Structures are given as structure tokens and as C-alpha cells.
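Asks: Each chain, written out:
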Amino acid sequence: MDQLLQALVSGLLLGGFYSVMVLGFSVIWGVMGVINLAHGEFLMIGAYMAWGLFRFFGMDPFASLVLILPLMFLIGYLLQIVLINRVVERPHLMTLLVTFGLSIAIANLFKIQFTSDPRNVAVAYNGSVQLAGVTFPIVKTIIFGVALFIMVCLHLFLQRTRLGKSIRAAAQNKTAARIVGVDINRVYAITAGICIALTAAAGAMLSPTQAIFPFMGPPFTLKAVTITALGGLGRIPGALMGGMVLGVTEIFVSTYVPGIGTNLGVATSFILLVLILVVRPQGLMGGLRPIDAEAE
Amino acid sequence: MGTGPPASRIAQKAKKKPPFPFFAPVYSLLAGWTGLAFWLLLLLLLALYPYTGVSSVALFVGSQIFVLVTLASNWNLIGGMTGYVDFGHAVFFGIGAYIMGILVTGTPLLISPEWGFWQALPASGFAAALFALLVGLPTLRLKGPYFSIAMLGTLVAMREIARVLRPITGGGVGLNLPPLLNRLGDYYLMLAVMGLVVSLIWWIQRSEFGQSLIAIREDEIGAEMRGINTTLHKITAFMIAAFFTGIVGGFWAWQNTYIDPDVVFVEARTVEMVMMSMLGGLGTVWGPPLGAVVIYFLQDLLWGNLSGVHLLPLGLLLVVIVLFMPEGILGTLGDRSSTSLGRLLSRVGRSR
Amino acid sequence: MTSDPRPLLEGRTVSKFFGGLAAVNNVDFAVYPGEIVGLIGPNGSGKTTLFDCLSRLQKIDGGQVFFKGRDVTGARPYQVARMGLTRTFQSVRVYRKMTVLRNMLISHQWRDTSLWRMLRPSPASTAHRARQLLEFLQIEHLADEEAGRLSGGQRRLLEIGMALMPDPDILLLDEATSGVNPTLIETIKDRIRTLNAQGKTFLLIEHNINFIADLCSRVYVLNYGEKLAEGAPLEILQNEAVIDAYFGA
Chain V
268 MDQLLQALVS GLLLGGFYSV MVLGFSVIWG VMGVINLAHG EFLMIGAYMA WGLFRFFGMD
328 PFASLVLILP LMFLIGYLLQ IVLINRVVER PHLMTLLVTF GLSIAIANLF KIQFTSDPRN
388 VAVAYNGSVQ LAGVTFPIVK TIIFGVALFI MVCLHLFLQR TRLGKSIRAA AQNKTAARIV
448 GVDINRVYAI TAGICIALTA AAGAMLSPTQ AIFPFMGPPF TLKAVTITAL GGLGRIPGAL
508 MGGMVLGVTE IFVSTYVPGI GTNLGVATSF ILLVLILVVR PQGLMGGLRP IDAEAE
Chain D
3 MGTGPPASRI AQKAKKKPPF PFFAPVYSLL AGWTGLAFWL LLLLLLALYP YTGVSSVALF
63 VGSQIFVLVT LASNWNLIGG MTGYVDFGHA VFFGIGAYIM GILVTGTPLL ISPEWGFWQA
123 LPASGFAAAL FALLVGLPTL RLKGPYFSIA MLGTLVAMRE IARVLRPITG GGVGLNLPPL
183 LNRLGDYYLM LAVMGLVVSL IWWIQRSEFG QSLIAIREDE IGAEMRGINT TLHKITAFMI
243 AAFFTGIVGG FWAWQNTYID PDVVFVEART VEMVMMSMLG GLGTVWGPPL GAVVIYFLQD
303 LLWGNLSGVH LLPLGLLLVV IVLFMPEGIL GTLGDRSSTS LGRLLSRVGR SR
Chain Y
47 MTSDPRPLLE GRTVSKFFGG LAAVNNVDFA VYPGEIVGLI GPNGSGKTTL FDCLSRLQKI
107 DGGQVFFKGR DVTGARPYQV ARMGLTRTFQ SVRVYRKMTV LRNMLISHQW RDTSLWRMLR
167 PSPASTAHRA RQLLEFLQIE HLADEEAGRL SGGQRRLLEI GMALMPDPDI LLLDEATSGV
227 NPTLIETIKD RIRTLNAQGK TFLLIEHNIN FIADLCSRVY VLNYGEKLAE GAPLEILQNE
287 AVIDAYFGA
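Protein chains in written order, with the working numbering: chain V, 268 to 563; chain D, 3 to 354; chain Y, 47 to 295.
Fair warning: there could be bad hints in the mix.
[Unchecked claim] Cross-link-like lysine-lysine pairs, in silico, BS3-like; alpha carbons within 27 Å at most: (1) Y:K273 with Y:K235; (2) Y:K143 with D:K145; (3) V:K378 with D:K145; (4) Y:K105 with Y:K235; (5) Y:K235 with Y:K246; (6) Y:K273 with D:K145; (7) Y:K114 with Y:K235.
Because the hints were derived from the structure by calculation, they are not lab data. Keep in mind the model is a prediction, meaning the values are calculated, not measured.
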């Protein structure tokens, strides 16, 4: 019983991180139809930034978000204008290839710069609290809280602000949005900026909990795809739900599959992904774009 | 849908733009039987090459290039001709490598007696083809990017599984194969495999089977509706591509004498296959081999001695190819209106 | 026209749902050999969905489809195609990067195609038939053109040619005249008549009422996924319910 409760709590805490991790990926896909295979690499960049700020300036990873968010917004904005806007209208394959190439390039740039030695951010509050027989790791609980906060902010931004509304308009009908005077390229650039900033923020928050190395990205990209397939595109409640499901599943597999379970994170989510896509190609909650319809 | 562009524009477009003047004869010669004749002649010359008294390093380089050409051509069969862009094709390379490693060392499973290289090599291919059947049945039902991502997932998942299944694969420690160096033998073996694979692709491309693959790429629903058993054709193409990739993987394990999950199940190898095919010209017979040779010498020329670092420019090059010449070298030369590089070159040509 | 009492293509209480919405609801119909039957109805009335069900592109949620007396409810599209049912699409489906001739060649009859034949280039007999059909449809001058470069009307003709390649018993044409210029429409009409005289059966989805009235012996009218009326074209056009459905009351 205790083990079950503990697994559930750990799963939900992990799920909270997953849901904030997936936001950037899911919104980029939902708004511009780009599957960003470099997603995990932006997360890795965020983690390295947090590590650098911690190592050289003693800055707390959560405090460093104040610097990381605007900087990565700028990088995302420029990347969209310089690169992705050029291929966004082209067939899916092209954007897929561009982001795939980008992911390889970024990971190897970091390998050259920082070697592939794992880095750690050892914060002072790396302990845990016991509550009703269940262990709550402090860092992961903070991540959970910040994740929920970010999701509420993003939700309010998309629903209430003028800019958020034009992003949603561009997602639903690009042509119509253009006709009523939305500058699509600018909206895309802002969207990319926000998404990449959020992704990097997730990486920064992750930095105290796991080793940071240049090739940590791809598993996160894959998990992001799985969560999106679970929860649907560009929807914040969907991301939350999908993240929780994946988090709990992973922890359950590692708890109850003896011996080897802990190392099967990606395999678990991969099997989940293929199952979902084969059974329901439109995603579990629906809303994945029917690829065939927009092929031309 | 419905009304096309005005008739005057059709008439204008209908006029075939001549390929680059200097390239036109070569281009037309590459098509059909003459292309195959040139290929066989090239194979003959390559077979005679070792008799010119070359060093074993040159033979090693030769076999490396043959490996790349084989991989690119194989990938092109599923990614270029059938239009299923496989981002995890290296998984078949890895399966082949592991089957070879397990069978010839015999250590983890206590296979005895250990298999010889020549028995294990076909086994690598068949194992990869079988794996392609198992993976392909669900994944080939997925469309476009979903297939690509599912295959990427297969690759990453297999790496994890290989690491975990210590009793079979040796886990992260990997497997050490008996070091039996035979550069000349390697050279001829890979020359034969490459010759076979590229000729096979040439043959397939002319056949109704190959044309049906292209039809599937262009419009899968239409192809199915016109009587093509798309599932069967896709799976067959996928298994052929996996078979030879598995063979190459098995050979590579033998030549490298060491394998672990991180050296055989790597995304970078897939990127190489995609790049070489894209650079040469997706879906063409001679493009991917050409791309493979170009990429090999580019790497050798620019970043030869910095192992590992070459992937940075490789990734960037992929971005550049997609942006400026998505039709590849052959495509760009063949129809210069289709790519921005082609248009640029033809503009330069006109100003002269 | 209904000399043969056994229908060539028959649907019994065919239904298809999207979510809770019935796109096709309990539709009964039959097409007899040698007929030209029209299928009309306002936009979104389920015509194309019914076509998709008949050609097996969509899973049927209720009812059965019979072709040549055989139950094909669970068949795959390529199987009914090989039995002799071909179709065209509302949004034309041709292989854009292949030449017109290659488009035709690859659409040959795949029934009884041996493995050996599949490993060879298309035989001369297939090429001969393809060129004849292109001539019949008056697009033989485009044989070596890439299909993606044709005009909308030319593509429709090519698609009809591809549907004719396997020598089918019945052709399902989905809006064969939309986006086609008036002269070409006359050509299409003429070709359908010729083919029908040679014994081919047609089921047509059409918005062009004149086209239907000129060609069809019987017409089915769909509205909101349900069969609203059936009968001879001229009767149908005077039917109150049909007029209401089209023009609103």
C-alpha cells in the first residue's frame, strides 16, 4: 500500500515536470504544424545555462529562470525568423529534417564546448520531506509547483491577452488570421520564442535532479511526442493530463518491473506512443492533425 | 482544388527546361541500361584497384565508402522511393551488428560452437529483416512524421533495451569480437554487397514493384484504390532495406571488433543515411551513392582527424540542404527551376 | 435497363458515423449492370462518404455492401479494385511526380499479377492499352508530361483514364465535372456514353444537374446522410422534398 502510494506521488511529481516540459513542443506543433525534433536540445541548453550560472555565479537554478527565460525567448524568436519561417509552409518532411539536423548540430556543439562529461547542479536543499509515510523530494516538489504556476500563466496569456488570441487565431486558420491583419511571421516568431524559453526553463528546473550532458535531449523529445499524442495538441489541460499519465506509467514500470525497470523510461513511452498512434492515429484525445489531409 | 493555373502558364511550364548544358549528356546517359553499364564498369575497375599495389589504408577507406553507399541506397529505398522517411533506420544496423556479435563470440548466451563469420553474416540480415517485419506492421500504418518519429523511438528504445538485456547483449560493457584483420577480404566483400544493392535498386526502380512504391509515395490512398496492396509492398520494401542494412551492420561489427549500445544504435548513423540520400537526390538510383561519396570526402577533407566533431557540420549541412537544394544534386542539375540553388545557378548562367 | 435482376453493386442499410454524427444513415441502394446512376444532394449530405464506404476507404459502421453478389463489407480497397470497382476522387488523386504515361501504366489490373511480372518493367501490352486510353480521352499529347503540371481538367481526365486502365465493371466518379471547362465536360459526357454502350456501369456524384439529367437513368438523392428520394432524373427534379433540400423552404 505504501509502495503504491509512494509510486503514485512520485509519478505525479514527475508528471508535473513532464507537463511543463511538453508545453513548448506541443504549442509549436499546434500553432505552426512544426514537429520540433530539437526540442530536447533546447531543454539541454536550459540545463547547461542553469549549470553555468550556478557554477560560476552561485545562482540558484530557480532564480536563474529570470535570466534564462528572456535570453531563450530572444534565441527562439531569431531562430524562427532566420530558419523555421522559411520551411514552415513546406511539406512536413522538410521541417522535420531541419529540426533533426539542428538537434544533431546543437548536441555536438555542446559536446565540443563542454565535452560529454556529465555535469551536476548540487543545490543545498536536495533532501526530502516525509509526509504521511510518503517521501516528497524537495526539488521535485518545487518543480511541480512552478510547473503548475507556469501552466496557469500560459493559459491566461493565451486566453486573455490580445497577443495570445492572435496566436490561437493563427493556429486555427492561418489564412483567415492573415486576412484580418495578423502578421503571421511575427506571431510565429513570438510563439517560438515563448515555447523555446519555456522548454529551456524546464531544462533549468531539471538541472538539480539529473546529470547534464550534451546527448540528454532525444529521450525528452520522444517523451514530448508521446505526451502530445496522449493529451492532444497545444492544449494546456491535455499537456497536464498527458504528462501525468506518462509520469505515473514510468514510475510504475520502474517500481514493479523487477531489476531492469528503472532503465526503461524511453522504451516505456515509445511503446505507449506506438500503441496510441496505431490504435488512434488522431491521438488519444483527438486533435492531432490528420497528416494525409494537409499533405498537399 | 479544381481549376488549375491558366493555360498559358501550363504551356510555359510544359516546356522542359534543359538541364545544365555540360551535364545534359551525362544526365541522359545515367538513365536506363547505360547507367547500369557504367555502374558495372565502375565495379570492375574497383575490383581491379587492389592489384595496383595500394596500401591497406586505402583498402580500408574503400570498404568504408562502400559501406556508406550501401547504407544510403538502402535508406533511399524506403525513405526516398516509398516516401516513408525512416529516422530510425540505424536500428537495423544495430540489430545486424548485435546478431553478428552474439553469434561469433557466443559468450553471453553460451552458444557453442560459435558461428563463423560467413554463417553469421546472412543471419544478421535475416534478423534485421524479421525485426523490420515486426516493427513495420504497426509503424508503416502511420503517416508522414508519425512514422518518422515512431522509428526514431524504435531506435532509442532498442538502445535502452540492448543496455538492459545484459545476459544477451553484454549490456553497456558491449561485446568484443575476435580481431581477424583481412583488409583485402573486407574490401571485396563490401564491394560485392554494394554492387548488389545498387544494382538491385536500379532493377527495382524500373520494375512495376518499384513504380508502385513511387505511387505509394505520391498518393497512398490512390494507389490502394487502384489495386495495389500497399501494405504488402511497403513491408517488402522495408524488409529489403532492413536486410542489407543488417548485413552492413554485421560486417561493421566484425570489422570494428567491438560493439556496445552507444556505438551501433546511434541517431548519427541515421542522419548520415538521410543526408547522403538527400544530398544526392531522394528517390533516384544514382543520387544516394553520389551523395555518400561526396559526404565521405567532405568529412575526410574538413574534419577527418577530429573524430566526433564532424557531426556538428553534418547537422548544419542537413539544414542547408533542406533550405537550398531539397531535390539533391541530381534533382538540382536535372530541373533547375525546382530549387533555390538551381534557380540561382541558372540566373548566374543567364547573365553570362 | 434492369434486365439483369441481380444488382452489380448493392448497399443494405449502410451507415457511417463520425463521432455521434451520422454521415450516412441506413441507406439502401442498388446499381444494376449497364446503368448510369446519379447520386446527388446538397453539400455535406454524405455523398462522398457513401462513395468512401463503397470503395472500402472508410470502415462501415452498419449495414453491408455487396459487389457482384459477394459481401465486401470487410474487404480492403485494393481487393474491391481488383474485383472490378474503380473510382475517382473529388480532390483528384494522381501521382504528381510521375509522367502521365507512368500514372496510367501503374494503374493496370493488379489481379493475377505474378511476382515475376512485378519485378519487370511494364509490358508493351500495358503501354499499348495506356496509350489507347489516353487517345480515347484526348490527352495522348501529354503522355510524357509530369502529372503535377497538368491543369485541373486534364488531371480529371487522367484520373478517369487511370480508373479505366484495369478494365473495371463499375466506375464511381466523384464530381468528374467540377473545375472542368464546358468543352471538356462535353467530352467527358460523350466518353461516358461510349463506355456505357460498351457495357460499363457508372455511379456518378454530380453537382451539375444538366450532366445528371442527360446521362442518368436513375438518381438517388441524399440529404443529411439519409436517402431522400430515388427515381428518374426528371421526376426527381420536380420532387418537392428535393427542391426543399436544395433551396431551403
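Asks: Could you run down the list of hints and mark each one as holding or not?
Replies: Going down the list of hints, with the structure as the test:
1. Y:K273 with Y:K235: holds (26 Å)
2. Y:K143 with D:K145: Measuring from Cα to Cα gives roughly 19 Å; hence the hint holds.
3. V:K378 with D:K145: Not satisfied, since the Cα-Cα distance of roughly 33 Å exceeds 27 Å.
4. Y:K105 with Y:K235: violated (32 Å)
5. Y:K235 with Y:K246: holds (14 Å)
6. Y:K273 with D:K145: violated (34 Å)
7. Y:K114 with Y:K235: holds (26 Å)
Hints 3, 4 and 6 from the earlier list are contradicted by this structure; the remaining hints agree with it.
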